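Taking our numbering, the leading residue of the sequence shown gets 60, the next gets one more, and so forth.
Derived by calculation from the structure, the hints in this document are not laboratory data. These figures come from a predicted structure and were not determined experimentally. Mixed in with the good hints, there may be bad ones.
Said to hold, decoys possible - No more than 25 Å apart at the CA atoms, straight line, and that leaves these computed lysine-lysine pairs for DSS-like:
1) K92 <-> K80
2) K92 <-> K102
3) K80 <-> K70
Said to hold, decoys possible - Label-pair ranges, simulated between beta-carbon atoms:
4) E77 <-> N112: 44 to 50 Å
5) R69 <-> V144: 21 to 27 Å
6) Q79 <-> N117: 56 to 62 Å
7) D68 <-> V111: 27 to 33 Å
8) P146 <-> N118: 31 to 37 Å
9) R69 <-> A116: 15 to 21 Å
10) Q152 <-> G108: 41 to 47 Å
11) I90 <-> D68: 20 to 26 Å
12) Q152 <-> Y75: 18 to 24 Å
13) G159 <-> D84: 27 to 33 Å
14) S115 <-> D95: 25 to 31 Å
15) A88 <-> V144: 42 to 48 Å
For glycine and all other residues, C-beta sits at the position ideal for the given N, C-alpha and C.
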Amino acid sequence: MTHKNLYTDRKLAQGYPELQKLSVDWFSARIEKRPDDRPRIEKLFQYLGRLVNLDSANNILVLGCGPRPQPLKILLEMGYNAHGVEPDTLFVQAAQEYLGSTESRHSRGYT
């Protein structure tokens, strides 16, 4: 199917075929090329610890963390009760696979 005839027999409102899957694949490929985020997250929490007592701040919500939520994974490894919220269903599924947990730490939500 070429771009020119993509909408010959389908309405524009039906959307682009498999657009969500294409977005997950594209976004995941870009994220994999990024450097490890652990040093940045640890530094950020060092700075936050100067402002507030992080010993009592045990619950953390990560909004829009995408299909490979490395910050969420790092926070869980650091011992925080971290949860992610993502509006895209396929991103949520990919994130749950990435986290490799039977316990749901990543959910679908809207603002």
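The hints, checked one at a time:
no.: 1; hint: K92 <-> K80; result: holds (19 Å)
no.: 2; hint: K92 <-> K102; result: holds (21 Å)
no.: 3; hint: K80 <-> K70; result: holds (20 Å)
no.: 4; hint: E77 <-> N112: 44 to 50 Å; result: holds (47 Å)
no.: 5; hint: R69 <-> V144: 21 to 27 Å; result: violated (32 Å)
no.: 6; hint: Q79 <-> N117: 56 to 62 Å; result: violated (34 Å)
no.: 7; hint: D68 <-> V111: 27 to 33 Å; result: violated (58 Å)
no.: 8; hint: P146 <-> N118: 31 to 37 Å; result: violated (21 Å)
no.: 9; hint: R69 <-> A116: 15 to 21 Å; result: violated (49 Å)
no.: 10; hint: Q152 <-> G108: 41 to 47 Å; result: violated (34 Å)
no.: 11; hint: I90 <-> D68: 20 to 26 Å; result: violated (35 Å)
no.: 12; hint: Q152 <-> Y75: 18 to 24 Å; result: holds (19 Å)
no.: 13; hint: G159 <-> D84: 27 to 33 Å; result: violated (19 Å)
no.: 14; hint: S115 <-> D95: 25 to 31 Å; result: holds (28 Å)
no.: 15; hint: A88 <-> V144: 42 to 48 Å; result: violated (23 Å)
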